[in-house]
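Protein sequence lines correspond, in order, to chains A and P.
Every letter in the first sequence is one number past the one before it in UniProt numbering, and letter 95, counting from 1, is 95.
Every letter in the second sequence is one number past the one before it in UniProt numbering, and letter 265, counting from 1, is 265.
If you're looking for bench data, these hints aren't it; they were derived computationally from the structure.
Bear in mind that the values here come from a model prediction, so they are computed numbers and not experimental data.
All C-beta atoms in this analysis are idealised placements derived from N, C-alpha and C, irrespective of residue type, glycine included.
A few of these clues could be false.
To be verified - The following residues of chain P were derived to be distant from chain A, with all beta-carbon distances above 10 angstroms:
| id | residue |
| --- | --- |
| 1 | D136 |
| 2 | E225 |
| 3 | P237 |
| 4 | T273 |
| 5 | K305 |
| 6 | Q387 |
Said to hold, decoys possible - On the chain P side, residues computed to face chain A include the following (Cβ under 7 angstroms):
| id | residue |
| --- | --- |
| 7 | S37 |
| 8 | A218 |
| 9 | S309 |
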Amino acid sequence: MIKIWSMKKNEDAAAKRKPKTSAAQIRVQKDLTELELSSTMKTHFSDPADLLNFTLTITPDEGMYKGGAFVFSVNINTNYPHEPPKVKCTQTGRQIYHPNVDLEGNVCLNILREDWKPVLNLNSVLVGLQYLFLEPNADDPLNKEAAEELRKNREQFLHNVKLSMRGGSIRGVQYDRLLVQ
Amino acid sequence: MATEVLTNGDAQAADWPDRYYHVDQILDRPGPRTDPSFMAGDGVKDFLRSQCKILVIGAGGLGCEILANLALSGFKDIHVIDMDTIDISNLNRQFLFRPKDVGKPKAIVAAEFIMNRVPGVKVTPYYGKIQDKDDDYYMQFNLVICGLDSVEARRWINATLVNLVDPENPESLKPLIDGGTEGFKGQARVILPTITSCYECSLDMLNKPTAFPICTIANTPRLPEHCIEWASVLEWPRVFQDKKLDTDDPEHIGWLYKTALARAKEFKIEGVTWSLTQGVVKNIIPAIASTNAIIAASCCNEAFKIATSSAAYLNNYFMLIGTDGVYSYTFEHEKREDCPVCGGEALDISISRDWTVDRLIEMLIEKQDIQIKKPSLSTATKQIYFQAPPQLEELTRPNLEKKVSELVEDGDHITVTASSLPFNLTLRVKYV
Chain A
1 MIKIWSMKKN
11 EDAAAKRKPK
21 TSAAQIRVQK
31 DLTELELSST
41 MKTHFSDPAD
51 LLNFTLTITP
61 DEGMYKGGAF
71 VFSVNINTNY
81 PHEPPKVKCT
91 QTGRQIYHPN
101 VDLEGNVCLN
111 ILREDWKPVL
121 NLNSVLVGLQ
131 YLFLEPNADD
141 PLNKEAAEEL
151 RKNREQFLHN
161 VKLSMRGGSI
171 RGVQYDRLLV
181 Q
Chain P
1 MATEVLTNGD
11 AQAADWPDRY
21 YHVDQILDRP
31 GPRTDPSFMA
41 GDGVKDFLRS
51 QCKILVIGAG
61 GLGCEILANL
71 ALSGFKDIHV
81 IDMDTIDISN
91 LNRQFLFRPK
101 DVGKPKAIVA
111 AEFIMNRVPG
121 VKVTPYYGKI
131 QDKDDDYYMQ
141 FNLVICGLDS
151 VEARRWINAT
161 LVNLVDPENP
171 ESLKPLIDGG
181 TEGFKGQARV
191 ILPTITSCYE
201 CSLDMLNKPT
211 AFPICTIANT
221 PRLPEHCIEW
231 ASVLEWPRVF
241 QDKKLDTDDP
251 EHIGWLYKTA
261 LARAKEFKIE
271 GVTWSLTQGV
281 VKNIIPAIAS
291 TNAIIAASCC
301 NEAFKIATSS
311 AAYLNNYFML
321 IGTDGVYSYT
331 FEHEKREDCP
341 VCGGEALDIS
351 ISRDWTVDRL
361 IEMLIEKQDI
371 QIKKPSLSTA
381 TKQIYFQAPP
391 QLEELTRPNL
401 EKKVSELVED
411 GDHITVTASS
421 LPFNLTLRVK
431 YV
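Given the sequences, and given the hints that come with them, work out the whole structure.
Next comes the structure, spelled out in structure tokens:
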């Protein structure tokens, strides 16, 4: 058997390390504790011992969605950061009027799927989500009708957003009241 | 136990004259490039044939080739782990299996086949997950070869072998040879835990699984794959709510296939089939028998060289690209300082049992040689103090006043992360 040991540099005893913490776990700790949450974003851990599952509430203070509160679930699996976190909009009843979020709560954000890279982190995901509320994107629609409206008639779209957040109904879809008091 | 019975019944047959004639050409004399520690002749043969214990992880496409190669080059104590059972679609390349074996555990059938075919070789199978086994189990081997198809399993075995290294015990360093194939491409690498770059160091080199923009899937499908993703990503959760999709359940795949087919018809897309559906949701890349054979041969060649010191081993990454002709490239993949598994710094700290968490943090901040701002601390099982997000900061704040010794046992590790650290710092706490 080849003598590998001699290749090992003389490290002091401090090199002894046997953390039982997995790489994914350490990475999540690093990502979470370095989150730069603005006043418009809030995380909630229903089980604080479980860092892999939490919710994020976004309350935009500018733009068309100002005054609303939007809740997302964030689920990270043990293959993070090789795989992106799974993010879904989880309003009660899950109805939100947004071109990039469908009525099931699926979110169309490139870095959550096709453009995810391990160098991205939870902060990038949170910033990306926040951006969706400042700049809804009509080119990548999930809610086609909302996107159509945004493209054709911005005024009407704005009206619909306000109406939806008050709990009104648009084209037969009843939306959830999402305005914060 | 059953070994004797299974070795073609004839114990004498185990070592007939010139059985290893060709292998012995290499082992009987040193060459110009052999390692100085090479013990030509009986010394090295005895190690290879009666002492060396090797573990093969995976008994699939690569695993079958690896097991056969090892047995025929003179390894006699082989262990094999695999959690899968044999599927009919495996039979075209996993040549240790026959139609009658469909449904049986791969590890067990492969072990029996090798023992029947190659006299004197003992193959010990384990039908289950690598995660079932503890450090003591992995400690018994001289070498580990992986023929896996999952990133997750590779990350696990890599981290386990890196953490196994004990600076006071040379035996704890187990060379890991990792093979992998994807269609006509493949790679073989030698990982010397804590010495060379590890699997985690190269995680960013991986091809990411193909994913399509969710809006394309939802609105403008153009490919059969878009229809299948629509069925699995959007329709399944909508229709079945919280029921989890099991990609190994034929009924689930059947439902996806039906749903995707209907979608494809609506958009006039052709090509949705059962096997494509299964391929897309399980992320299957067609396996090519010859790629497996080349990569397995390369892995076993490395195992042989490392076990015998008969020649210089691979340093440390060999890639094969067979898509256009046959191209291969070998290079040294470098260790990453900020690798979460083999990188990062470790510190021994001796503190008094009266020290509070707050005081420990202060010490970390003041320590000139580490220079960290705003450290967050945890053990493997609990959070000690988190700087963010606010909910966790508030929740862990009371710990600042507590004594470290109430939260961490003597000799235990604390994982420290901070934005100023490349990845993390491990503290080993001793109380004085």
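Against the structure, the hints come out as follows:
At roughly 14 angstroms from the closest C-beta of chain A, the C-beta of D136 (chain P) stays outside 10 angstroms, upholding its exclusion from the interface. No Cβ of chain A approaches the Cβ of E225 (chain P) within 10 angstroms, the least distance being about 12 angstroms, so the stated non-interface status holds. Not every Cβ of chain A is farther than 10 angstroms from the Cβ of P237 (chain P); the closest lies at roughly 7 angstroms, contradicting the non-interface assignment. Consistency note on T273 (chain P): stated as away from chain A, and its beta-carbon is indeed over 10 angstroms from all of that chain's, at 24 angstroms minimum.
A beta-carbon of chain A is positioned within 10 angstroms of the beta-carbon of K305 (chain P); the least distance is around 8 angstroms. For Q387 (chain P), the condition that its CB be more than 10 angstroms from all CB atoms of chain A is violated, with the nearest at approximately 5 angstroms. Taken as an interface hint, S37 (chain P) checks out: its beta carbon lies about 5 angstroms from the nearest beta carbon of chain A, inside 7 angstroms. Here the hint on A218 (chain P) is kept, as its CB sits about 5 angstroms from the closest CB of chain A, short of 7 angstroms.
For S309 (chain P), the interface hint holds, since its Cβ comes within 7 angstroms of a Cβ in chain A; the closest pair sits about 5 angstroms apart.
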